[in-house]
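K.L.:
Each chain is listed here by its residues.
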Amino acid sequence: MSTLNFKLRQAPVATVDLSALIPAKLAGLSTGDIEELPLGALKVADLFDVSGTLGDAIVISGGSPLLDYVGAGLDGGSITVEGPVGAYAGRGMRSGRLDIRGDAGAYLASNARGGIIHVTGSAGSFAGGARPGDKFGMLGGTVVVEGDVGERAGERMRRGTIIARGKFGAAAGSRMVGGTLWTETGFGPRPGPLLRRGTLIGPKVDDMLPTFADCGRVDPVVLRILSRSVAQTLGALAPKALPIIVHKFAGDQATIGKGEILLTG
Amino acid sequence: MLIKFTGGTVYDPMNGVNGEVRDIYAKDGRIVAAPQPGTKIDAEYSLSGRVVMAGAIDPHSHIGGGKVTIGRMLLPEDHMGHEVARTDLTRSGCGHAVPSTMTTGYRYAEMGYTAAFEPAMLPANARQAHLEMGDTPMIDKGAFVMLGNDDFFLRSLAEKKDFSFIKDYIAWTMHASQALAVKIVNPGGISAFKFNQRQMDLDEKHVHYGFTPREIILTLARGLKELGVPHPIHIHGCNLGTPGSLHSTLATIRGSEGLPIHLTHIQFHSYGTEGDMKFSSGAPQIAELVNQYKNVSIDIGQIMFGQTCTASGDSMRQYGNTKSANPKKWVVMDIECDNGCGVVPMKYRDKSYVNALQWAIGLELFLLVNDPWRIFLTTDHPNGAPFYYYPHLIRLLMDRTFRNEMLEKLHPQAQAATILKSLDREYSLYEIAIMTRAGPAKSLGLRDRGHLGTGAIADITVYADDTDREAMFKTPLFVFKAGEQIVRNGRVVKVVSGATHVARPEYDRAIEKPLREYFDRYHTVKLDNFRLSDQEIVESNCGHTGGECGCVIVQPCGPRI
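Residue numbers (the numbering used here), protein chains in the order written: chain A, 1 to 265; chain B, 1001 to 1561.
Chain B with its partners taken away, still in its complex shape (with noise of 0.2 angstroms):
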């Protein structure tokens, strides 16, 4: 079936065309080139004067695992008064913060994203994250496991194990978790919170192992860069939303050694000590130095005003947090002595100065890097904000006016404090499009999406061109997965399952036999057991690629583009 798009004007920044007025045509699922004249066109829609982009792609959002349904089961108060009925299309759910999880999918698509990616999946749970994502449909999803927390890394960090030897474990991780990339929690700090060590800066000692946050960065960086996964690893940095925390990410990016690095949800690692009240914005030296380092990318956590509930893995800080608990409960809790998970619900304020301050910490950010291919719109779905306020962060950052009416709502010390002001820069559409999708395409190594090039598979969004922002990008007018019309101004009009993303480095299989030990020693389930098969994720071994039918796609390792 041929489809073609009239006249839209089209932001892909992958293929350098910005703001353009083309004709784009997809068949099967993918964007072809333009056919002969006078074949026959199966399907046209007329899109002058809208906005066409690819699909949105979501980097950093906690969709499944363990500590979402946690949050769900903590906040009772979070489902009442925000039901979804069902309808003829769509199943019922709930949820403010942490939406059940066909509302979480109906709710991006509805909002003209395509894909999103659950950044914290802990090799214990990877089972039940991937069957979570695999019940949020319309969505392309994909898992970043977590390593450098766990016994076995760290032992054979400690025992100056073969750097191969690692490699594999890290390839071997990756396979048995179906994941699409690696990230780290607090490097050694979630270990070092079990040996009752509560606060660990990038060069401070594990009381037990003896080795430093520095090095597990490093040693995770050069392996995933030698096995060749796109994403490079995921950094959720030391002294997570500690005042002070900005020197400990400076350092992280100065001792990158050239590695390729995202650090992810910076603003909570932005934080300075200056001033009256010990608590200052870091944002201007932070963006200085990842304007200069050229291998470091970052999605910033954008906090938003209002009830969400803050979901990490982070066992050591979400610890330390649990006093700003609202409402006043939370769960810090070791899972399979893997790793940790701390769910802790938040009110952020508009009147507080702390909250105000953050706000105005992540739009600096926003606002002082350069280079939008390097930095990716998040709010860390649901630590900042759920992610269904992109459109107003959006908004926040295209219309300078209505950036600086907000800021003059917040604490009069808060505005005192940030520089947010003085930034007169407005984002474009097409640096929007550049956060929003090319980008992350190109930073999560998935090189048919993100973009309208022809072999790119037609995930489309067409939004109206609104000069209110937040109304433009609240409700697309179309959007379409895999050439499928999957929602109409704003409504899903047709529900998909959407695929799973992952990358399979090569390894040596020789590894299984210290880890078969390992687990017959110390886990609770054996090694065959905690692997995850391709049958347990998908419906049918359906040879697909575009996610037709919610099945696996493995994106290809090797030199990063």
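Next comes chain A alone, as it looks inside the complex (with noise of 0.2 angstroms):
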């Protein structure tokens, strides 16, 4: 398989945009004009060395909390980034996949609608989150993030799952409409604030919030099939399947209350 290299030569002093940055927009391009491509006020000249061609996979080297928007719009191919990414990375994607090796910034994957994300660093708040003047956040495709998640992961979050090996930090699933978290180490305070459905798996939580009612052990069913559809797709990268007995919470009651947390521990 062919690859495009794009080395980092030193650190951007300001964030730069590199939605440009993806298969589909560089196709029947040759080096010479993606190094012309303008990303904000400067070029792809002015930030990477350009290298390798074009296929459908495209490797960064070196990376940068100030690389914005990071294979935002991918659909199709794979995006592999050597080092850490700002805001915004794969918001929008449809499929392909995107592989950071590093940490990501804030709003991961929203909006994304398919395709495998994988962080093996951490990742910032709003991970799959709505930004201002979104309807949803995530609405579709699987995110594995091998560190820590922020703050408010899957705020607005319509469909999706996001899988964390660390810990998701306060609030996380607030105002969810649906879609899956699961972390294999646990979630931080209060986490579902406003959670209308949608599903909240872990090991164990710091604070549970009181609009969420407790159901006692139950063994549903989805439980099985959600560990086996994750590990089809996810393969190595997949999580420990999932216990058949959980502890439910319902919520959160404060809305319509037709989410969960589901404690594995």
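All the pointers check out, no bait thrown in.
Calculated pairs, EDC-like style, for lysine to aspartate or glutamate (alpha carbon to alpha carbon, straight line, at most 16 angstroms):
| no. | chain 1 | residue 1 | chain 2 | residue 2 |
| --- | --- | --- | --- | --- |
| 1 | A | K7 | A | E82 |
| 2 | B | K1294 | B | E1257 |
| 3 | B | K1004 | B | D1028 |
| 4 | A | K25 | A | D75 |
| 5 | B | K1513 | B | D1528 |
| 6 | B | K1328 | A | D134 |
| 7 | A | K167 | A | D148 |
| 8 | A | K135 | B | E1077 |
| 9 | B | K1329 | A | D134 |
Listing some non-contacts, in silico: residues in chain A with all C-beta distances to chain B over 12 angstroms:
| no. | residue |
| --- | --- |
| 10 | T3 |
| 11 | G178 |
| 12 | K248 |
So these bits of chain B aren't anywhere near chain A, every CB distance computed over 12 angstroms:
| no. | residue |
| --- | --- |
| 13 | K1004 |
| 14 | V1021 |
| 15 | K1027 |
| 16 | S1156 |
| 17 | H1175 |
| 18 | F1211 |
| 19 | T1212 |
| 20 | R1222 |
| 21 | P1243 |
| 22 | K1294 |
| 23 | M1333 |
| 24 | R1400 |
| 25 | Y1507 |
| 26 | L1527 |
| 27 | F1530 |
| 28 | G1558 |
Just so you know, these hints were derived from the structure itself, not from any lab.
Note that CB positions come from ideal geometry on N, CA and C, so glycine has one too.
Please assemble the complex out of the two chains, which come individually in their own frames, going by the hints.
P.N.:
In structure tokens, the structure reads:
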């Protein structure tokens, strides 16, 4: 498979919008054309050494928390970043794969509709969340974060799955409308404020909101289906299968209360 | 400093100049007669083959006041993807339908405009409106104050107060809010909305006060005429955007009793109820009557396809429009029991029958009204479309082939419901110059603007004579404001402030006694704090009259020119 390489020459001094660097937008351009592409006030060549041939894969060597919109709008193909990225990585992504070998900033996968995002570091606040003006946050796809996730993950999320090996920050799943947040470590304080529907899964919760009703121990079939489906989608990245029996809390009763927090611990 | 503009093809309708090659001289910000031979010329621009017009004037554009700010707050998605970076000269901004103030000013100037007027300033919001317009650089500004739905006016009318009392109140409000003219929005309707009326026709009684919109319009029209305010009453009539609104508009024109009136964004008031869709064009009837009644002037409020945001004082009709909001969110509110405000985002689609026909109705009106002196080019920014669609609109008016090409892309039933295809008229540059310069200037009483005669302010726009009129009007080669070059090749090269135009008719100060009692009893602010002083909207008492530093220009009142 042919790969196009962008080698970061030096860290940028201001935020840069990299949404132009996805295979679909670069198709048919020569290396020279790509170097001339504008990135805000700069050109690609001001920041990156471009090499290789364009195919389905893009590799960005070297990262910076000032590189925004990495892989935004990705629809097919893969992007690998050898380093951290800034806000809005994978925003509006439809399919394909985004690998971030480092930390991701705020609004990871906001408005994403499909595809897989893998972050080896941690993710910032509002992962899978709705940006001001968006009707919904994440609308589909799967995100795997090896580290922790910031506050208010899954804000106004509608569909899709965010899996964290680490911990979700405060108020995970706020105003969530659907989808799944799954942690192997636990949730921070007060998850699920104004959770409408959607599922929060984890071994423990730091501080449960009083508007979640204890439903006792339950054994929903869907857990087995979910474990199997995630294993199929993610392969080696998939988390350990869920137990048969979990402790369910239903809420947020301050709104329609059709959401759930499932404790596996 | 004497500047010479050599050999341009000049279109100056106010002085009857139609495409003649002329030299123009400007000195100290004003246009002067040709100097004695041998006089030293400090700067010369060779404009051979170029089209020269006065700076364009937009008589109806929502650029300041509460509702624009509400629109900006309501639509964060309107900012994203429309960011404008700062440069060494200009400041940063953003926005598509409701751009930030600085961006608004730059975009107007870059399109050859040197003045724009905010048509719906609430008296209670005047301070905000003027501060916002003060932050809109490059262009001259002014505002029309909204009357006719405020309680003091309605009470005075209901109590059958002396006419001079009402006149004094109109004049006092114009002084207090630093206005250039008076606008009426849905006469009595905004007030009636608060008494649970959801619709109000020209001869329908206000449930509480018991009089009709017709009486309100006539009172204000007569009042302004007697006060000598240059711009006639600026009417946003009844039934905005409803099928059948055509009839109330026709009745308004017929009932004007010879008083000067200006019907604004008339496209939104020209809908019939014929056909399968119960929505048809009323443009032919309206245009016929406008042609017949010489006391009537109009602006169109053309719609263009795409995302925009409607912002109006008409809370009654905007409440009715909320079901069409796209994206689905809106604000309808009362402001200080003074008037209303409705902000509804809107996406006009060419594949929608109603939207496509609205587009065609606007163009039909443009082409059917014969006298360009009484029809002004507007999109009612941002209600029909953002103002920077004007070059596209001008091309639609000047290029029949292009117009018909665009028409063919529309909803097929809408194409069948419009007579647009049979209209062969193409606007000439002279007529465009009337519609965008001389006409508005004359109507607003700006005697030294909108023309290139001796004594006029040297607000000059120079275009390349491109057959693609859209490209031509989009990027003027030069724009001069009071003799200074502010734009070159469609980019800002110098930032200026622009002045604020006001009109101050005479009135009897005794009106302040009952007003003060009214304010003390009902208002949230005292009368003296309500009033807006010059110092609040200008930076200094400079004594300038050309708008060199953002000062106030008082336009003389008196019989209309």
